[in-house]
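A.B. asks: Protein chains in written order, with my numbering: chain A, 1169 to 1396; chain B, 1169 to 1396.
Be a bit skeptical, because a hint or two may be false.
No copy is singled out in the list; a pair is fine if it fits within one copy or between any two copies.
To be verified - Heads up, simulated DSS-like pairs for lysine-lysine below, C-alpha to C-alpha not over 30 Å straight-line:
hint: 1; residue 1: Lys1269; residue 2: Lys1375
hint: 2; residue 1: Lys1364; residue 2: Lys1323
hint: 3; residue 1: Lys1375; residue 2: Lys1312
hint: 4; residue 1: Lys1323; residue 2: Lys1259
hint: 5; residue 1: Lys1364; residue 2: Lys1375
hint: 6; residue 1: Lys1312; residue 2: Lys1269
hint: 7; residue 1: Lys1364; residue 2: Lys1312
Hints were generated in silico from the structure; no laboratory data involved.
One-letter residues, chain by chain:
Number of protein chains: 2
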Amino acid sequence: MIDIDAVERALDYRFNHRDLLCLALSHRSNMGLPNNQRLEYLGDSIIGFFISQSLYRLFPQLNEGDLTAMRARLVRNTTLASLARELRLDKYLIMASGELKNNGRNRVSALADSFEAVAGAIYLDGGIESVNQFLDGMYRTLLKDIQPRGLKDSKTRLQERLQKDDSLLPVYRVLGQEGEAHSLTFEVSCSVPGIKRAFIAHGRSRKAAEQAAAERVLSALDEQECDD
Amino acid sequence: MIDIDAVERALDYRFNHRDLLCLALSHRSNMGLPNNQRLEYLGDSIIGFFISQSLYRLFPQLNEGDLTAMRARLVRNTTLASLARELRLDKYLIMASGELKNNGRNRVSALADSFEAVAGAIYLDGGIESVNQFLDGMYRTLLKDIQPRGLKDSKTRLQERLQKDDSLLPVYRVLGQEGEAHSLTFEVSCSVPGIKRAFIAHGRSRKAAEQAAAERVLSALDEQECDD
């Protein structure tokens, strides 16, 4: 059904157990059949680890807050979905017909899940070395181009973006703080006119928590656009 | 200053670069000095990966929702802090004097951070094999004893716990839902009388999201008790 050889060429990896690759491409819309959600759960943690250690080594001068913000950008669904598109996984996804008619192959969540599941499958099939090599290749350009600087100003980026859309300004609210003077954690919400849900984030300072909340809104806006 | 030999015996690991171990034990209250927060960021992702793949292999019949819930219990701060106590890391934490006076050695967040940072340090020092071996030893009992069953009923456990405390019942509210019929995600908040913040969680069904939100409240209540 799927042209396994073509997928393997795109991945630059040859499976010992090709059923793992098929499973990784099985969308959860296939009711009653095995799907890729367990592999996605596994792949998610592998990618998190890969990106964490890559950024740790690439940016020895950055603190954990900046590293965490950069990691969030590299592992969010829109990024994973674009990597899936590079591999043309959209072409190979096994989906229920209703989902297909619904433009399912272009859905960000389906693409992101398939990328994570493929990473999980390569790990199970070939071990940590194989999956690291795969992720090295996929993330090479993103890791080369990523800049910590821009990240510091998620609030500004959010504000500019909302003004472009003729919306009003985001509203930040401190929901709470925990801990003693030296180890405070702030919880902040960011609400945006026109979006019903509030975005909540944590940080070691009010400002850091606000930046993180703004970053979450930006990610959600990105996903919205890609899903449209 | 620290008895490195004693710590290494507790960890059952001998460092090639002992400065990594010292860094892992340096609390962020040491203003202006290097601290363990970057190592904690790294260790967090290593532990997440270790637990994810352990649960994946241990419970081949469980879906990703149950696996995610179990992982949350194994990597939450109270669990990490108790592992740190087993290693007696509280004795060896390097802290500012103000933090020490403030009972800093017993703070859950400080202990959890130190455990994660030690895992990060072992990874940098000895590679993935060494840190997996370390985590295998530390998590052996927890992984042997963990039961998926109990997890399904976080709402019940929360309700029982609140009634014991003479509080009122938790209130669940659906904040929103996203996606099409086959790939819905629900966002639910859980509010508890007496706790100012709301706990928000996501799930593939309303019920799953409510269970996840209840689990978050339980974790927060655990941490509160340990910090008291």
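A.B. asks: How would you classify lysine 1312 and lysine 1269 at a CA-CA limit of 30 Å: within, between, both, or neither?
C.D. replies: So lysine 1312 and lysine 1269 fail the 30 Å test inside a copy (38 Å) and across (45 Å) alike.
A.B. asks: Pop the pair lysine 1364 and lysine 1375 into one bin, within, between, both or neither, using alpha-carbon distances up to 30 Å.
C.D. replies: both (23 Å within a copy, 21 Å between copies)
A.B. asks: At most 30 Å between CA atoms: does that hold for lysine 1269 and lysine 1375 within a copy, between copies, both, or neither?
C.D. replies: between (44 Å within a copy, 28 Å between copies)
A.B. asks: At most 30 Å between C-alpha atoms: does lysine 1375 with lysine 1312 qualify within a copy, between copies, both, or neither?
C.D. replies: Answer is within: at 28 Å inside a copy they meet the 30 Å cutoff, but 42 Å across does not.
A.B. asks: How do lysine 1323 and lysine 1259 come out at 30 Å by Cα distance, when the copy is not named: within, between, both, or neither?
C.D. replies: neither (37 Å within a copy, 41 Å between copies)
A.B. asks: Go through the copies and call it for lysine 1364 and lysine 1312: within, between, both or neither, with a Cα cutoff of 30 Å.
C.D. replies: neither (36 Å within a copy, 43 Å between copies)
A.B. asks: Which holds for lysine 1364 with lysine 1323 at a C-alpha limit of 30 Å: within a copy, between copies, both or neither?
C.D. replies: both (19 Å within a copy, 25 Å between copies)
Violation of the numbered hints given earlier is confined to hints 4, 6, 7; the remaining hints are satisfied by the structure.
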